Every structure is written in structure tokens, then in C-alpha cells.
Amino acid sequence: MQVTKFSKFEETDLAYLKQVVGQENVSTEEAELVINAMDSFPGEPVKPDAVVWPDSTEQISKIVKYANDRRLPIVPRGGGSSLSGNVVPVHHGIVLSFKRMKRILEIHEKDLQVVVQPGVVPDELNERLKEFNLFFPPDPGSSSSCTIGGMVANNASGMGAVKYGVTREYVLKLELVLPNGQIIRSGSNAFKSSTGYDLIGLFVGSEGTLGVITEITLKLRTLPQTRKTAVTYFDSVSDTTDAVSEIVGSGLSPASLEFLDQETILAINKAERLGLSEKTAMLLLEFHGTEESASHELKQATEICKKHHLADIHVAKDEIERKKLWAGRKGAYPSLLRSSPNTIIGDIVVPASMITKMVARIYEIAANHNVKVACFGHSGDGNIHPNIMADRKDKDNWERASKTNDEIVEYAIKLGGVASGEHGIGIEKKQFMELEHGNSLELMKSIKKMLDPNNILNPSKFFDL
Amino acid sequence: MLNYLSDESPPMMEPKPANDIIVVRPADTQQVSAILKLANEHSVPVFARGGGTGLVAGAVPTRNGVVLSLERLDQIVVDKDNLMTIAGAGVTLGRLLEAASQEGLGFPPHPGDENAQIGGLVSTNAGGARAVRHGVMRNHVRAVEVVLPNGEILNLGGKVHKNNVGYDLMQLIIGSEGTLGIVTQATIQLYAKIGATLTLIVPYNDRHAAIATVPKILQEASIPLAIEYVEKDLIEKSAQQLGTTWPVSSGEYYLIIIVSESSRDATLASSLRISEICRQKTNFEVFAAESQSDQDKIMRIRSNLYEILRPEVYDDLDIVVPISNLEKIVATIEQLSTKYRVPIPVYGHAGDGNLHVHLMKKPGEKIDYENLTDEIYITTIAEGGVITGEHGIGKTRTVKIQKYMGKTEIELMKKIKQLFDPKNILNPGAKLP
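Chains as they are written, first to last, in the working numbering: chain R, 1406 to 1870; chain L, 6 to 438.
The set of hints was computed from the structure by calculation and includes no laboratory data. Be careful, since some hints might not be right.
[To be verified] Heads up, simulated PhoX-like pairs for lysine-lysine below, C-alpha to C-alpha not over 20 Å straight-line:
id, chain 1, residue 1, chain 2, residue 2
1, R, LYS1578, L, LYS412
2, L, LYS333, L, LYS221
3, L, LYS198, R, LYS1704
4, R, LYS1850, L, LYS333
5, R, LYS1578, L, LYS408
6, L, LYS419, R, LYS1854
7, L, LYS286, R, LYS1515
8, R, LYS1808, R, LYS1819
9, L, LYS333, R, LYS1762
10, L, LYS333, L, LYS242
11, L, LYS333, L, LYS286
12, L, LYS422, R, LYS1470
13, R, LYS1850, L, LYS422
14, L, LYS405, R, LYS1854
15, R, LYS1535, L, LYS302
16, R, LYS1624, L, LYS221
17, R, LYS1850, L, LYS221
[Stated by the list, open to error] Over the 12 Å line for every Cβ pair with chain L, so calculated as not near, a few chain R residues:
id, residue
18, GLU1416
19, VAL1451
20, SER1598
21, ASP1644
22, GLN1667
23, LEU1671
24, ARG1678
25, ALA1699
26, ILE1718
27, ASP1786
28, GLU1841
Bear in mind the structure is a predicted one, so any value in this text is a computation, not a measurement. We put the beta carbon where it would ideally sit given N, CA and C, even for glycine.
Excised from the complex, chain L in its bound form:
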């Protein structure tokens, strides 16, 4: 039962679940519809639950009511001829990748934790490391089946990419974090499997040089599959925890660049070009991992970073800025770390300007969370960015988002919520300011 009351939010930020919770695990869309209809009639809150990998308490049931787990809606069908898959909300990303692979296809966007479920990926509009090339979940969802609070089942979209036949309600559902409807099924675009890849690690002694390289790569070379930014101290700790070593000893700051083209020759050519561009800003050699196992190792070390920090992360901010302003925000965060005397390790998806900013707090220490985050957010907004790029608002960012969203926009959001969910039974307390 405990598993259904919490997700992967930083423990110090996560709100406490309510006391009176029922967990239900419907088998199919009809059951979801019946449950919602009943809950709506009695004004009982319903909290949808997928893989529980969220970071902003989206799935935490903070009011007495129902946790509706979608895990049993786990059917998946691959339509190979049309390069699409129709997956139940409970299908995990891992399973989708496997099913696609069996048909010789892939899903390069790879928007997150492989334990995340389709329903959650769609409802949070998940992003991930591949967004620089493949965008976010929204770019790949062609249709959704969604159940409204009153039990009505809507089928939005179709097995087509172009669809101009009315208001695109599907876009409202995607990213709505379970507050407008519960996604029970999605039709998702598949692609050719990723061909040859090469993973580059570019070491820098100067953080600003590392970050400044990013826009240059995007302007002057073929867009890589991923451009990640990490720092020495943390990445080495991560490797150590996994019982391995970070393959590069020089430099303090790193760009991890995954290059992928349609053929091996093309991948090599692109890698050379990108290395050339990087070498304009660093004197260190570019390290290239060619074998699949070497490349996998690097990404495992990268993916393990959050685990290293988790015990003492007070909050994990998810800011995004236009790439040319990345330097500025990183410099600001450095300054604020000193000003507030809070360690703030930063890493992230530099390719699309998305950084994960970890505010650390040891037991017994104090942290001026409100003012510190305000300063970070104010700078982010001033640089044309947003306070969350992938994790969403959930329940932990509703107060902050109020400050950083226009009044008219908030008004419109509330009106839309009112239209879809007049009794406010779906994930109350989430998403809306």
C-alpha cells in the first residue's frame, strides 16, 4: 500500500499522503470509466497513478479519496506498417522499447525512466536526454483515449501525424498531469532503430566554455542525439558507487554528446565535425566511446547522478532557458550557492537548455528555500525560460507557478479545468496555481 502513496519526489519536499485512501486497479478503460463516474457523482478525489517515477508529487494522494492505478492496462500492439504502437496507459517505457524492437523498430525519444508508464509519460509530457533531437512526448503522441471525470470516454487524434479537424483537445490532455482526464491508451509514433552511435566526452576546465559550446554545436553541426552537461566531482562519485570508473581523468566539466546518424560513416563524420567545434573551446582531447558496452556504461553513470544526491536533496529544480542564456543562469546559480551557503550541484540536458538544479541540505542545516528558489526562478524567467521543463508542476510547484505565470493565462487555465472537471475530483491540488 505504501508504494501507492509516494513517488520519487525529494523526500523533504514530498507532501504527506492523506489518511483515507482506497487503491483501485482497474483492468480496462470501461472500468476506469465506471470508477470515475461513481467518484464524480460522490465528489470523491481521484489520483491517477502510473509508474510512480514522478518528481513533483503528481501521484501523491494528498486528499482522502481514490488512487487509481493504471498498471493493469498493459496491452501493447505494434502496427509495423504504419510505424505506430497502441499502448495501454500501464505499459512501461521499457516494455514499449522491447515491443518496438521485436518488430525491428525503435523509439529514440526515450523520455525517461524505463519504469515510467505511458499514461504518466503522456500526462507529464515527459522529456529526457534525447529532447534536443527528438523533442518531448507531445511530438510523438498521435492519439489518446482519455476518460473524463464524468466517465465519458474520448478518442482524440488518429494514426496520422497531420490532423487539422478541429480544436486539438489532445494537446490539452498531454501535459495536464491527470487534472483534466485520465489517459487510458495512447497511439505513439515509432521510428527506425537508432543506427550506429558514438558517445563523446569533452572535458573542459572552464564551465562557461563547456556551456558556450552547446549553441555552436546546434548551429554548426548535425544535431546529436543528446548533449548532457555534468561535473567531475559528482560524475566520479556516481561511477564509484556503481563500482566502475569515469573514463576521463582530465577536466572539471564535461559535455557528454551522443552522435547518431543513419550510417556508421555518417556518424563518424558528424563526430569529427562536433569534436572540431568543441576543440575551439578546450585544449583537452575528446574521448570517444565506440563499443555499445562502453557507451552504455557512460549513460549508466550519468543516469545514476540523482541517486547519489537523493539522500540530501531538498529539492531538484528543473529550469529551462534558451541555450544562449545557459551560461548566465549557471553563473547566477554559482553566485547564489555562495550567497545562501547552499551546495547546488547542477547537471542536465544542456542541448535544450534544461538543467537540474539540486538544492542540498544536510540534516540539522537550514535552507532559505523560498528566497533561494525565487531568485533562481526570477533569473530563469528573465532569461526567457520556464521554471519546469519536464518534471511538471505536480503538487510541489503550484505555489511558485502562481508567481511566474500571467494572470490571464491562469484565469484561462482555471476555466478549462472547470469545463473538464467541474467538481475538481481529478488530482486536486496539482497543476493549477
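Just chain R, same shape as in the assembly:
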């Protein structure tokens, strides 16, 4: 841990915050502090000194400037669904919550754009956009509770990334408050721009360490005319993963290509009574497009699965069936959480050709350390979530589980992959930064120091200065 030079939170600080946002929008209540002490990773909770609910960019600017002058840490927090300790206020200080900034400000359907405040929940946004036949594609598992601001800060993606990419590709304009309180706006409503440096590219995925996001203009897509969904079952994991590699390698463009192993299937069936076939592994495939192109592509993908000893296939007949399958898939992580006291969830990405090797090695490493692991994930991107079942209270078990996680990451990097495809660094993946980046790490630290010389914005995330 770095030597911190943060100030102690005083009564005068509390008074100032109350003055800026109104006293009903600041809390130092124990219950509130406890909620904001953690995210969805089973790590060490650290309570903030206060939680604040601003409702405008100007209020945020004032608060950040004040915190900077006072050397008080600030942690912006969306839905708190992050999985790497990204929003844990490790140095106490102020948590900025966006629950009062949830408005969809403007919808420009002709230009396929929408302007939102950071607290908007993606599922709610997409519900609203349906009437315009538009949608915001990045679709993380937490889409019913996370926020657009959090998705931008974390460069979130999810089920559809294999076709639709990641959040960064959808951010047209950003308004942020810099650590010194200055408000900066970058980007435009144009779909292409060759003007300045890609500041948006820098801020997206910066996990709240370079600026506080206060307004976002997103690019949207037209809802697909047709969605063809199927589940394919296999009797061996390697058949399943080989099928994935070949589907990706064939140049087909699935909208989703999700992998679930038996452990995951069992957990989902238990929790959701979905009735998925309890084979060794399955793929949930979906193709978007016109009736002709989506059908054509699904057919081709099925042929590839057959080449890899497809054991069973079920094509969703209608929207109801399709929704059920997706509810099941999205319930994978919550279902697995019920299977053990805690889980360590990994987020590795490997090149498509390495998926079979990677997944096989995950099971090996877990077996070596005598822990149980369930794998599921966005295999189309080479992004697998190994769910290591563990018990925080059992020190020995937790250590073995952590070692398993570490070795999985190291192997992924060895195969040319990365430690995190979606969940980001936060606290839990800081240990891999050196291995990942080598000499680029110094440049990243310089950027942080340049923008946040007092290190008040979400300090001790990413790296220690």
C-alpha cells in the first residue's frame, strides 16, 4: 500500500457537502456506509466517510474541486455491480452516487444517438429505445442494475460483444469533471472524427481514476430484424471449444456465442428450473440480421457444430423461448453464487485459436489446487469466466482458490491473452499490471499523475503511485 497523504474527513467537510447538494442528499448513516463499502467482489469492505447524491455536473464539479483542495479521496459509484473491487473506497473519503442523475436527456432517433446522465440503467434505456426501433448493444450480465456511467468507466461489454463490440465503440461524446474540478467536453455527434487525440478512448475504461463522467452521448444501433437463437450440446468440453474456434475462424458473425459447462448448467437448472439438457457443455448461439442472412448463418454454424460431434440442438421457436434461454444464461453467475459461500470470478481473454487449450488448463489448474471451478463465458471473444468456488472464511481454501485464479491469468497472458476482458483492474487485478504492460505502465502512471496530481480520484486502483 502506498503512503497516503489524505486528509481526515471533518465536520466542516460534511457541512460543505450538505451545502452543495442539500442536507438530505448526503449521508453518514452506518447502513449507507456499509452498502457503499463493497462492490460485487467478495473482498475487504472499506467504509467511506460519506455518501453524496449530486444531481448536476456543476454540483459534481464543486465537490471534486473541494475534495482536491482538501486532499479527500473521491470514488464515483454506479450500480456497485463491479467485480474487481473497482468502487471500494480503500482510503475512505467520499462516495459519489448517481442515483439522482438517471435521466435520459435526449433521443435523436434519426441520427441513432441518445444523451444520458450517468445513472441511467441500460435495461431501462433499451426498454425506452424499443419504440424507436433502436438499442444500445453492450449487454453485461448486470444490465438490470448497472449504470451507463459505470459501463463507460469500465468499458463494459457482455453477451453481444462478438458482433457489437464494447462500450468504447459507442461513446460519441463525454462530459467529465477532471480531478481539479474543471469540466471537459470531448467528442461530437458525428460518427467519424479525426480532430483531437482520442481523449474519449483514454477516459473510457479508466475506472473512475481520471475523471468523473457526468454526461454521455451514445451511438445506437437499429434493432435487428430477426434474431435466431439456438443451444447446441456436446459430450466433451474440447468438442465445444473446438466448435467455437472454428465458428469464429470461419468469419461467421454471431451476435452471441456463449459457452456454459456442466457445472454451470446444473447450477442454472437448480436455481431457475430451466430444464437445460445436462450434457457436458453447451453453446448458446444467436444470429442477427434479415430473415435470410440470420437463418443462413445459423445453418452454417450448426454444420460446424455437427463436425465437432454435436450431441443435441434446440432452436428457440419464438421470442418467449428465446427470452427464457437468455434469462438462464444471465442467471449463470447468480446461480453459481448459490453453490458455494463465495466465488472468485476470473475474466481472462485469449485469442480464438487458444480457447480449447485455455479451458482445458483451467480445469487442470483447479484440480491441482483441489478447488472446484465452473466455466462459462463469451467464448466468441475468447473471454471466459472461470468461477472458482471458495470460502473466504476458510483461509486455506481461499489461498488455494486465489492461487488458482493467479495461475489461470498467467497462463492466459502466456497464450497471448489478457487478464481482463470486461471486469477491469480495480483492486483485484493490480497484481497483473506489471506482467501485462511492462514499460507502458510508467506512461500510464504519468498520465494519472498529470491529471490527478493529488491522487484523489479513486486512489489505489489500477496501480499504486
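Keeping the supplied structure of chain R fixed, place chain L upon it in accordance with the hints.
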């Protein structure tokens, strides 16, 4: 030597190169690193050079120093299983397409001149006609190897699409026009080869009807590979110069739409749908080219437009606006053409709101460049657009961009430049206001 002192900027806009220039052609990244290290120690400006196809003097060495050509970094490897290619900065787009094709793969984004080199395509974040469906270069670059001014070699990104492990420095490098580092290699995503395509030419008598059709296509049909806007006079001249004819005689304004789906049936179905949408705003028949040679001919005629204009182009503006505001900007440009008595032929990538606006000047004529461009840019910005969508700032737009970028943003840009290149040796005079 002359070849290394100039690019394809409109001759009347292009700045003069400096007198004292050395051209070096390193063989590999290590040599690039050694050269930069040395130049940095002696504060000698270094101007990176790729294919020299830029339009805003990005590659023109305007100060005494070194032109560093990347042309010899021309190795290319295709990783077929992972649909990626690792290409040296000196590999041309043409060569990349060929290498991909040999492995049964394609690169549909096709962001520009086939003589452009990878280093330049990445550094300018090239766009092109396919951006409406495939976006710009940034969407397809997965990793870069870049040399910093102090000689340090950075490897950013990886053979993966999703990568959330820190600040995405690669995004800063892409589009930085050789001012933060010199790209020596890039890992680029490849795709399935384009299947069946169909090229439609939709004639209109009303320019506004033509442009208004564009958002409708994007909202109501499957996104085409390209939607280009051209006008009769110019397109016919272009065809003539190539010794051929424009296949459509009716109408004054045209949308060229390239339809491409995963199968022939799907392509036909999409084409019918798009034609239906177009016919809501025009009475003319939609012309469809099916054979590869017919389709290639149409795109050749389209690509030749700049050549027709070049001798008398004073400047070629590259504005982008949200598509629903395309009509407004086209109308404004018409008015300004009359007001300033300057012919302003317009054509471009209507599908993403990007128009190339050519300010023409015959010898002996005068042109109030400053005020005319200001009026065009002010309208562009007011419509939510930007003053350059693909060509970049280079050296010819640095003064203008100062007016149209926020103060805080400019400040931040300068700080980033200072961090990467404290001695300002990389392409000085370019990019930054």
C-alpha cells in the same frame, strides 16, 4: 527525393518543405528506435512517412530535420485461425488485402487508397466509403507496436478484441498523426471475405430528396456496405476521363449503394428493400449492377472524382455531421457557393454524414478562403459535426481547429503531447492547435 517532401494535399494548400532534410529508410523497429533516440537527444524534428497519400500535409517536413520512411517495414503475417494479421507499418493496404485474400479472408473496411501504408492508416485513423458499416480504422486495430520519441518501444493491445487492463494508450496513438509516437507494426482484425454484392445507383432530381433518403435506409433496412453521394456533372466527367460512361442518364444527383449480405439471396432481398425505401423519394428507376466488372467500374468512376477536381481544388474540406443534418449543410454550402462566387462541388460518404467539400479556384481568381471556410465550419459545428472526419488535422488545419475545439480539451491535448514528446520532435507543427 522530391517524393518524400510532398503528399497528395491540394497543391495550393500544401506548405513548402524545409530546405535541410535527410530521408532515412530504416529496415526494422530497432533501427527506428535508434534513430528516434538520436534525434531526441539532439532535438531534431522527425516526420514519419508512409504512402504519402495524405491530404492535409501530415507527412510534409516543414522544418529542417529527418523524414523517416517506414516503407521497408513491410513484413506481413496472417494468423488465419485468429482472423488477424500482423503487418509492418510499411505494408500497403493493397498488399494487406492480397495477403488476407490468399488465406481466404478479407478486410471489408477498406479505409482508403490502396497505396496507403498501415502506419499511416493507423496514425490518421483512416475511414473511407465502408465506414457506414465497418466504422473506421480504430475499430479494427487490436494491437500496435509504437516507438516513442525517446526510443522506447511500446507494445499496446493484443490479439484480442476485449482488453480492459488499464488505460487504453493505443487509442491515444491511433489518430495521433505521428505526433506521439511512430507506429512500426499493427495487429489488425480480418474478416470473412465479402460475399455477394450488388451496387445500386439511385437517381434523383432533387438533391434534398437524395440526402434525406440516407437516414431512412439506415433506420429501415440492413446497413449497406457503402452509401455514397455524387452529382451528375462531376461523375460524368470522371467516367469520360476514364474512357467509359456513367451507366445512368436520368437524374442530377445519385446515391451509390453497395449492398452486401452473407448470401446471394439475402443480398437480393436487402437490395429490394433498399430500393423500395429509395423509391419513396424518387420516381426514377433504381439501376442495379450485378456483375463484378460492372460494380468495379462504378467504384472506379467514383474514386476518380478527386483526380478530376485536383488541378483547381484550392482545398478539400472533410466535414462530418449527424446524418439528419446532412440536408441542412448541403443547402448551406449551396448558398455560400453563391455568396462567395466559388464553385463548391460536393460528394462523399453520405452514409456516415461525411462530405468532401471542394473549394475551387481557377488561376487568376481570388477566393476568400478564411471567411468561406469559417462559415462552413461554423455551420458544421452548429449541426453537431466536426471539421474533419477522416483526413485529419495535419498541418493545414491546425489554425482552424483552434477555433473549433474547447479550451480545456486543447489544454489536455497539449499536456498529453508534452508527456509523450517533451522535446516536440515528432511531426512538429502538425495536429495540435
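Status of the hints after comparison with the structure:
Note on R:LYS1578 and L:LYS412: the hinted pairing holds, with a Cα-Cα distance of about 16 Å set against a maximum of 20 Å. Taken as a hint, the L:LYS333 and L:LYS221 pair is honoured in the structure, with Cα atoms around 16 Å apart against an allowance of 20 Å. For the hint linking L:LYS198 to R:LYS1704, the alpha-carbon distance of about 18 Å falls within 20 Å, and the restraint holds. Between R:LYS1850 and L:LYS333, the direct Cα distance comes to roughly 45 Å. Violation of the 20 Å bound is thereby established for this hinted pair.
Distance check on the hinted pair: R:LYS1578 and L:LYS408 sit about 19 Å apart at the alpha-carbon level, within 20 Å; holds. Taking the CA atoms of L:LYS419 and R:LYS1854, the gap is near 15 Å; set against the 20 Å cutoff, the hint holds. A threshold of 20 Å between alpha carbons decides the hint, and for L:LYS286 with R:LYS1515 the separation of about 17 Å falls inside it, so the pair holds. Proposed proximity of R:LYS1808 and R:LYS1819 is supported: the alpha carbons are some 16 Å apart, at most 20 Å.
For the given pair, L:LYS333 sits about 55 Å from R:LYS1762 by alpha-carbon distance, which is inconsistent with the 20 Å threshold. About 27 Å separates the Cα atoms of L:LYS333 and L:LYS242, which puts this hinted pair outside 20 Å; it is violated. Between L:LYS333 and L:LYS286, the direct Cα distance comes to roughly 17 Å. Compliance with the 20 Å bound is thereby established for this hinted pair. Of the pairs offered as hints, the one joining L:LYS422 and R:LYS1470 is violated, with about 25 Å between alpha carbons and a cut-off of 20 Å exceeded.
Proposed proximity of R:LYS1850 and L:LYS422 is supported: the alpha carbons are some 15 Å apart, at most 20 Å. Between the alpha carbons of L:LYS405 and R:LYS1854 the distance comes to roughly 31 Å, so the proposed pair goes past 20 Å and is violated. Distance hint between R:LYS1535 and L:LYS302 is unfulfilled; the C-alpha atoms sit about 41 Å from each other, more than 20 Å. For the suggested pair R:LYS1624 and L:LYS221, the alpha carbons sit about 17 Å apart, so the restraint of at most 20 Å is met.
Restraint check for R:LYS1850 and L:LYS221: not satisfied, since their Cα atoms lie roughly 46 Å apart, outside the 20 Å limit. Separation of R:GLU1416 from chain L is adequate, the least Cβ-Cβ distance of about 33 Å exceeding the 12 Å criterion. With a minimum CB-CB distance of about 22 Å to chain L, R:VAL1451 clears the 12 Å threshold, and the non-interface call stands. Distance check on R:SER1598: its Cβ comes as close as 5 Å (rounded) to a Cβ of chain L, failing to clear the 12 Å threshold; non-interface status is violated.
No beta-carbon of chain L is positioned within 12 Å of the beta-carbon of R:ASP1644; the least distance is around 17 Å. Even its closest Cβ contact with chain L, about 25 Å, leaves R:GLN1667 beyond 12 Å, as expected for a residue assigned away from the interface. The claim that R:LEU1671 is not at the interface with chain L holds, since no C-beta of that chain comes within 12 Å of its own (minimum 27 Å). The beta carbon of R:ARG1678 is kept farther than 12 Å from every beta carbon of chain L, the shortest such distance being approximately 32 Å.
For R:ALA1699, the non-interface assignment is contradicted: its Cβ lies about 9 Å from the closest Cβ of chain L, within the 12 Å cut-off. Residue placement check: R:ILE1718 keeps its beta carbon more than 12 Å from all beta carbons of chain L (closest about 20 Å). For R:ASP1786, the requirement that its beta carbon stay farther than 12 Å from each beta carbon of chain L is not met, with the minimum near 5 Å. Consistency note on R:GLU1841: stated as away from chain L, yet its beta-carbon is not over 12 Å from all of that chain's, at 5 Å minimum.
Consistency with the previously given hints fails for numbers 4, 9, 10, 12, 14, 15, 17, 20, 25, 27 and 28, ordered from lowest to highest.
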